[in-house]
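Q: Here is how the chains run, residue by residue.
There are 2 protein chains.
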Amino acid sequence: MGELQLIEQIRRASHPSQNKAITLGIGDDCAILRPPPNSEVLVTTDITLENRHFRRNLHPPESVGHRCLARGLSDLAAMGATPIAAFLSLALPGSILAEKSGQAWITGFFKGLHILGELHRVPLAGGDTSESPANLILADIVLLGTAPKGKALRRSGARPGDALYVTGQLGGAAAELSALLARRRRIVRIATIDGHPHLFPEPRMDTGEALLRRDLATACLDVSDGLSTDLAHLCRASGVSAEIEQAALPIHPLARKLGPHRALKAALHGGEDYELLFAAPAKLRMPGSIAGVPVTRIGRFIPKRSGRPMMTLIAPDGNHSPLEPGGWEHFSTRAKTRR
Amino acid sequence: MGELQLIEQIRRASHPSQNKAITLGIGDDCAILRPPPNSEVLVTTDITLENRHFRRNLHPPESVGHRCLARGLSDLAAMGATPIAAFLSLALPGSILAEKSGQAWITGFFKGLHILGELHRVPLAGGDTSESPANLILADIVLLGTAPKGKALRRSGARPGDALYVTGQLGGAAAELSALLARRRRIVRIATIDGHPHLFPEPRMDTGEALLRRDLATACLDVSDGLSTDLAHLCRASGVSAEIEQAALPIHPLARKLGPHRALKAALHGGEDYELLFAAPAKLRMPGSIAGVPVTRIGRFIPKRSGRPMMTLIAPDGNHSPLEPGGWEHFSTRAKTRR
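Chains as they are written, first to last, in our numbering: chain A, 1 to 339; chain B, 1 to 339.
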């Protein structure tokens with residue numbers, strides 16, 4: 001497969017007609033987008049590197065494509081935005097372009113990307129391709145979305161007294177990854193993308209949009225680096241402290257299987273769950289689920305005071321202990337950090 | 001240097017206040033932009049890989065940063081757009097993050113990016129960082145710009161009878177790269193960025209904006225892959241053929257030094273000049289320079305006819321020969337291809 005055929009494959013994965021905000025898709029120097037009137041444009045980029053964010057002998061290519069797009073979509077969901085277009089920069093090793101098994105990998109990758117993109121009506125509108133200078137796959141995904149002017153959910157709006165909520169369940173992605181690593185063999189086929197929180201995370205697009213539209217959140221972000229790390233981002237941006245009720249944490253069934261200690265660790269520090277973590281006034285009557293996704297109150301925000309921990313975990317017996325950020329470290333010893 | 005310090009360095013290179021279209025820069029899940037009313041948003045992404053687009057022992061880091069940004073800016077210039085924000089995804093080897101010489105590399109890279117960004121009032125508004133899984137530097141740049149609705153210059157507007165123009169001079173970047181490769185030693189310091197068409201190309205932002213504003217072009221793109229390759233893109237997108245007058249080609253003084261044969265080859269097929277190649281009605285009175293950049297008429301568009309070459313080169317003696325696309329091949333045997 002030459003790069004021109006690769007570009008043709010990308011073009012097939014692109015359906016600009018799917019989204020009327022795309023005036024011009026792949027094929028010119030730039031793509032052209034027309035955001036709706038009175039909207040703001042939101043932009044996020046996420047780099048995905050082989051052996052750092054995925055392993056070729058562990059992750060099916062459909063999962064790699066899905067997760068690339070899911071990471072960017074989740075950043076839009078965290079601000080309540082509606083996605084309009086994705087851009088993909090992709091560098092592939094010469095061996096993948098040359099070999100038949102490599103072509104199957106590429107097809108699987110775009111299938112994963114495409115199915116998730118269709119679900120959220122976000123086509124590929126452009127990008128760049130190159131041959132990778134090493135035997136490593138590199139992908140960078142850019143997502144553009146829109147939100148009504150001045151309404152995007154930021155990290156900085158939480159106030160003391162606000163309640164702390166999380167969507168869905170925590171620790172599932174870390175638990176599934178840990179099971180995959182223990183198996184040490186590649187899963188070639190999986191029957192469905194449901195129930196695979198690590199391989200096929202579900203970005204909470206509709207829930208994020210509903211939080212914005214129904215004015216339910218004072219601050220929001222997504223749990224990409226782990227609850228303890230992301231909550232610390234929220235606390236710092238908002239200038240508040242937080243308390244978490246351990247008993248209230250919605251722990252994913254896959255994490256529960258690990259036993260209570262490891263389950264708690266996965267829920268607090270496991271990353272890549274792509275759930276939404278948000279603040280809302282304590283008096284606001286929060287629905288039990290939003291856009292079909294359960295919402296759980298897991299704690300509250302309190303005033304920030306020097307000498308007091310930024311985050312506190314309250315055990316079922318009432319014991320308070322400081323909670324340190326300890327997010328997910330992917331496959332390396334260095335923690336992933338965000339902008 | 002840890003990744004947090006790296007992000008701090010990126011943040012310092014970011015000056016959202018430089019551009020009032022940026023409502024929220026680095027620090028949340030997404031950046032927020034407010035394009036002017038009645039405008040369209042243009043997006044382009046360009047991946048830059050060590051050993052493919054640059055070599056660490058050949059290119060000063062300032063040049064690598066400059067060229068990353070210049071590639072994206074030039075795509076905006078080609079459509080007549082005004083840049084509003086850049087996003088950078090950067091993966092650096094652990095050794096660069098750990099070593100003092102690596103920190104100097106990072107500082108130089110951001111200096112190059114920053115100086116060009118300041119010149120065109122386009123700050124870094126976000127991005128992503130990661131440790132590279134190999135000893136290779138990887139960068140992906142995303143540029144967002146705006147243009148008045150429906151006015152962006154596309155590749156598809158050239159008509160038979162239109163004249164063909166190019167800005168500046170051709171072949172300079174290929175000639176300078178060839179000189180650098182012949183030297184086989186790294187240039188550690190250079191006194192000025194002027195006169196280095198390969199190391200510090202000048203994207204034609206003001207000229208592109210003027211072409212759009214003054215309605216001077218029917219089609220436009222930038223010469224990133226070489227005149228012969230990019231003209232072929234323009235011909236295909238517009239459904240026309242083209243004739244080039246060899247004697248009219250504005251050959252860069254650095255290319256002239258190579259002798260007539262190699263100079264012509266550099267002008268026709270050398271890539272990365274980042275000049276603008278555009279079509280305009282033959283009767284339109286074209287200024288000799290636009291926004292301070294010389295503009296040269298180098299040929300014309302004719303109807304496309306089967307059996308006739310898409311591009312023809314007319315030698316000074318009047319001899320016609322078919323011109324095949326033969327763009328720049330970077331450091332590999334595989335031609336760079338675009339969307």
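It is possible that part of the hints are untrue.
Pairwise CB distance ranges, derived in the manner of DEER restraints [claimed, not checked]:
1. Lys283/B / Asp215/A: 24 to 32 Å
2. Asn135/A / Ile302/B: 44 to 52 Å
3. Arg55/B / Glu324/A: 37 to 45 Å
4. Asp215/A / Pro250/B: 57 to 65 Å
In case anyone wonders, no lab produced these hints; they're calculated from the structure.
All C-beta atoms, glycine included, are put in the ideal place defined by N, C-alpha and C.
Q: So, for every hint listed, does it hold in this structure?
A: Comparing the hints with the structure gives:
no., hint, verdict
1, Lys283/B / Asp215/A: 24 to 32 Å, "58 Å, violated"
2, Asn135/A / Ile302/B: 44 to 52 Å, "46 Å, holds"
3, Arg55/B / Glu324/A: 37 to 45 Å, "42 Å, holds"
4, Asp215/A / Pro250/B: 57 to 65 Å, "59 Å, holds"
Going through the hint list in order, the structure does not satisfy hint 1, though it satisfies all others.
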